[in-house]
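Enquirer: Please work from the sequences and hints to get the whole structure.
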Amino acid sequence: MGSVLEDVAGKRGIEKQIVLPWSRALQMTRENIFVRLGRSAITASGIFLGIAFLAAVLFGASAARLQAAIDFERLGLEHEAGELQARIIWLAAMSLVVATVGIVNSMLMSVTERYKEIGTMKCLGALDSFIVRLFLLEAGLLGILGSALGALVGAGITMLFFVGRVGGWAGILEAWVTTAVEIGGTGIPLWLCIIFSVMLGGILSILAALYPAWRAAKMAPAAALRSEF
Amino acid sequence: MSVYEYIVRTKDLSKFYVLGGTEVRALDDVALDIRRGEYVSIMGPSGSGKSTLFNMIGGLDKPTKGTVFIDEVDMAQLTASELAFLRCRKIGYIFQTFNLIPVMTALENVTLPMVFAGLTTDDALDKGMQLLKTVGLGERYDHKPTELSGGQQQRVAIARAFANDPAIILADEPTGNLDLRTGKEIITLLKQMNEEKKVTVISATHDLKMIDVSDRVVWIRDGKIERIEERKDIELQVGQMEYEEE
Ligand SMILES: Nc1ncnc2c1ncn2[C@@H]1O[C@H](COP(=O)(O)OP(=O)(O)O)[C@@H](O)[C@H]1O
Ligand SMILES: [Mg+2]
Numbered sequence: 103m104g105s106v107l108e109d110v111a112g113k114r115g116i117e118k119q120i121v122l123p124w125s126r127a128l129q130m131t132r133e134n135i136f137v138r139l140g141r142s143a144i145t146a147s148g149i150f151l152g153i154a155f156l157a158a159v160l161f162g163a164s165a166a167r168l169q170a171a172i173d174f175e176r177l178g179l180e181h182e183a184g185e186l187q188a189r190i191i192w193l194a195a196m197s198l199v200v201a202t203v204g205i206v207n208s209m210l211m212s213v214t215e216r217y218k219e220i221g222t223m224k225c226l227g228a229l230d231s232f233i234v235r236l237f238l239l240e241a242g243l244l245g246i247l248g249s250a251l252g253a254l255v256g257a258g259i260t261m262l263f264f265v266g267r268v269g270g271w272a273g274i275l276e277a278w279v280t281t282a283v284e285i286g287g288t289g290i291p292l293w294l295c296i297i298f299s300v301m302l303g304g305i306l307s308i309l310a311a312l313y314p315a316w317r318a319a320k321m322a323p324a325a326a327l328r329s330e331f
Numbered sequence: 004m005s006v007y008e009y010i011v012r013t014k015d016l017s018k019f020y021v022l023g024g025t026e027v028r029a030l031d032d033v034a035l036d037i038r039r040g041e042y043v044s045i046m047g048p049s050g051s052g053k054s055t056l057f058n059m060i061g062g063l064d065k066p067t068k069g070t071v072f073i074d075e076v077d078m079a080q081l082t083a084s085e086l087a088f089l090r091c092r093k094i095g096y097i098f099q100t101f102n103l104i105p106v107m108t109a110l111e112n113v114t115l116p117m118v119f120a121g122l123t124t125d126d127a128l129d130k131g132m133q134l135l136k137t138v139g140l141g142e143r144y145d146h147k148p149t150e151l152s153g154g155q156q157q158r159v160a161i162a163r164a165f166a167n168d169p170a171i172i173l174a175d176e177p178t179g180n181l182d183l184r185t186g187k188e189i190i191t192l193l194k195q196m197n198e199e200k201k202v203t204v205i206s207a208t209h210d211l212k213m214i215d216v217s218d219r220v221v222w223i224r225d226g227k228i229e230r231i232e233e234r235k236d237i238e239l240q241v242g243q244m245e246y247e248e249e
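These protein sequence lines map, in sequence, to chains Y and A.
All residue numbers for the first sequence refer to the working numbering, where the first residue is 103 and numbers rise by one.
All residue numbers for the second sequence refer to the working numbering, where the first residue is 4 and numbers rise by one.
In short, the hints are calculated from the structure, not lab data.
All figures in this text were calculated on a predicted structure; none of them were measured in a lab.
All C-beta atoms, glycine included, are put in the ideal place defined by N, C-alpha and C.
Heads up, some of the hints might be wrong.
To be verified - Derived Cβ-Cβ restraints for the label pairs, each shown as a range:
id, chain 1, residue 1, chain 2, residue 2, range
1, A, SER49, Y, MET211, 28 to 34 Å
2, Y, PRO123, A, ASP145, 30 to 36 Å
3, A, VAL21, Y, MET211, 52 to 58 Å
4, A, GLY24, Y, MET211, 39 to 45 Å
5, Y, ALA322, A, GLU229, 56 to 62 Å
6, A, GLY141, Y, LEU312, 41 to 47 Å
7, Y, MET196, A, ASP145, 46 to 52 Å
8, Y, ILE259, A, LYS136, 20 to 26 Å
9, Y, GLU276, A, THR149, 49 to 55 Å
10, Y, GLN129, A, ASP182, 30 to 36 Å
11, A, LYS136, Y, ILE305, 42 to 48 Å
12, Y, ILE297, A, LYS68, 56 to 62 Å
13, Y, TYR313, A, ASP145, 53 to 59 Å
14, Y, MET196, A, ASP225, 20 to 26 Å
To be verified - In the DSSO-like style, the derived pairs of lysine-lysine whose C-alpha atoms are separated by at most 30 Å in a straight line are:
id, chain 1, residue 1, chain 2, residue 2
15, A, LYS187, A, LYS136
16, A, LYS200, A, LYS235
17, A, LYS14, A, LYS235
18, A, LYS227, Y, LYS118
19, Y, LYS218, A, LYS136
20, A, LYS201, A, LYS136
21, Y, LYS118, A, LYS235
22, A, LYS212, Y, LYS320
23, A, LYS68, Y, LYS218
24, A, LYS136, Y, LYS320
25, A, LYS187, Y, LYS218
26, A, LYS201, A, LYS212
27, A, LYS235, Y, LYS218
28, A, LYS14, A, LYS200
29, A, LYS201, A, LYS235
30, A, LYS187, Y, LYS320
31, A, LYS147, A, LYS194
32, Y, LYS118, Y, LYS218
33, Y, LYS320, A, LYS65
34, Y, LYS320, A, LYS201
35, A, LYS227, A, LYS212
36, Y, LYS118, A, LYS194
37, A, LYS187, Y, LYS118
38, A, LYS212, Y, LYS118
39, A, LYS201, Y, LYS118
40, A, LYS235, A, LYS136
Expert: Quick look at the structure:
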């Protein structure tokens, strides 16, 4: 038998010999999300609420404009494009900040619950970057799921609210297909708004998970293993 | 000087913790040479420093002073990736609380170190099934840890520790959470793997059943080595020990 370390000592590029393929990382993330559904729901709910609120505010503004246009037409008046109020935008932005802080908190809890698991993975050879990758993947996926749901619910609630006043579901949908949100005079279609919300939610979640994931990865294995949870 | 080839050597190995202003000497100038292929038990009461020694030899924590050599390489000189490589391929870890990844099946637990080592999925699955059969759990490959008994979980953990054919198995109280009979089965299994795979087994324990299979027993107390017993000294005492335990 050769030396235990003959292929370790002095060899460069050794990190390339320890791998975690993306397919396996994704599978592990999926298992983590579904097995710990409660914790996952808490993490996702922050971004869900934030994006739902943002969507309701933005879609609401365009629905209100639609309603105004209809009312004015009926009364035979010229209508002025209603501007999205700065205050409401502020409110939506703040709600996203709160949602992000919520994710940081929830991911920190999630990391703490898994100290022992993280220590074990390191004993099996995991590099720090694997731990970071797993937590960021998890946060990203939860962010995308939560914000997709949030955008749909936000749009749904807005519709429910305006449906009686603007000529039914078809009326709103028809208008939203071309202009769901109006920014600086340009109309942004519904599908683009939803894609944008999902990306925003995913990115915010990943940003929020950076610190918790880094903290998890940096722990000495012995300390991680000692924790009883 | 000696006919033995040493796989692990520690020199002046010390670990101090400061707790509420007082210094706890968990390990105090420990010099221990472990021979390639031997089964050595680190015996001592609770709090004597066994787990601390386990962590130092396993590269899981840094000593306050002193050195651990694995095959004459100073562990403190290794980079983070080299340490990960060592943990992945050269050392198999076994814990008192089994430490299986709870969301993964038995087979997924066993194959994880092989994935890290870069094996293809097919090779990893084949080898994982083979290892699970070796530890007597071929049928349970699809079970999650919560669906397995303590003894079964420890068997999965042993299969996982052998995933990348390590040179060293490090165990910390592997029978600590098991009943007498299951504990004996696990000890027998470890001894069998030690003989068949020529792997060095280092086991921290205060389970006297372990003495039976050990080539050497290192007794530690208050972070210091009290005495080291060889196989031939041990055999004289085993009969008496079993008598006391019944
Ligand atoms: N992380 C730590 N912080 C403070 N004290 C510790 C820590 N780890 C171990 N100790 C102390 O070091 C001594 C040895 O502990 P340990 O190695 O766990 O003993 P054993 O495994 O033999 O029961 C004990 O007094 C313990 O309280
Ligand atoms: Mg201990």
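Enquirer: Can you let me know if the beta-carbon spacing of GLY24 of chain A and MET211 of chain Y is within 39 to 45 Å?
Expert: 31 Å, violated
Enquirer: Checking one constraint from the list: CA of LYS320 of chain Y to CA of LYS65 of chain A, max 30 Å. Satisfied?
Expert: 14 Å, holds
Enquirer: At the C-beta level, are VAL21 of chain A and MET211 of chain Y separated by a distance inside 52 to 58 Å?
Expert: 29 Å, violated
Enquirer: Under the criterion that the straight-line Cα-Cα distance not exceed 30 Å, is the pair LYS201 of chain A, LYS235 of chain A satisfied?
Expert: Within the cut-off at roughly 20 Å; holds.
Enquirer: Please work out if LYS14 of chain A and LYS235 of chain A have their alpha carbons no farther apart than 30 Å.
Expert: Given pair LYS14 of chain A, LYS235 of chain A holds - Cα atoms ~26 Å apart, limit 30 Å.
Enquirer: Go ahead and decide if the range 20 to 26 Å is satisfied by the Cβ distance of MET196 of chain Y to ASP225 of chain A.
Expert: 58 Å, violated
Enquirer: Has the hinted range 30 to 36 Å been met by the Cβ atoms of PRO123 of chain Y and ASP145 of chain A?
Expert: This hint is violated: roughly 22 Å between Cβ atoms.
Enquirer: Quick one, are LYS235 of chain A and LYS218 of chain Y close enough, alpha carbons at most 30 Å?
Expert: Given that 30 Å is the threshold and the Cα spacing comes to 39 Å, the pair is violated.
Enquirer: May I ask you to test the hint 42 to 48 Å on the CB atoms belonging to LYS136 of chain A and ILE305 of chain Y?
Expert: 46 Å, holds
Enquirer: Please verify whether LYS187 of chain A and LYS320 of chain Y have alpha carbons no more than 30 Å apart.
Expert: 37 Å, violated
Enquirer: Do TYR313 of chain Y and ASP145 of chain A keep their Cβ atoms within the hinted range of 53 to 59 Å?
Expert: Violated, since TYR313 of chain Y and ASP145 of chain A (Cβ atoms, about 37 Å apart) do not stay within the stated range.
Enquirer: Tell me if the beta carbons of GLN129 of chain Y and ASP182 of chain A are separated by a distance inside 30 to 36 Å.
Expert: 35 Å, holds
The earlier numbered hints that this structure contradicts are 2, 3, 4, 5, 8, 13, 14, 18, 21, 22, 24, 27, 30, 34, 36, 37, 38 and 40.
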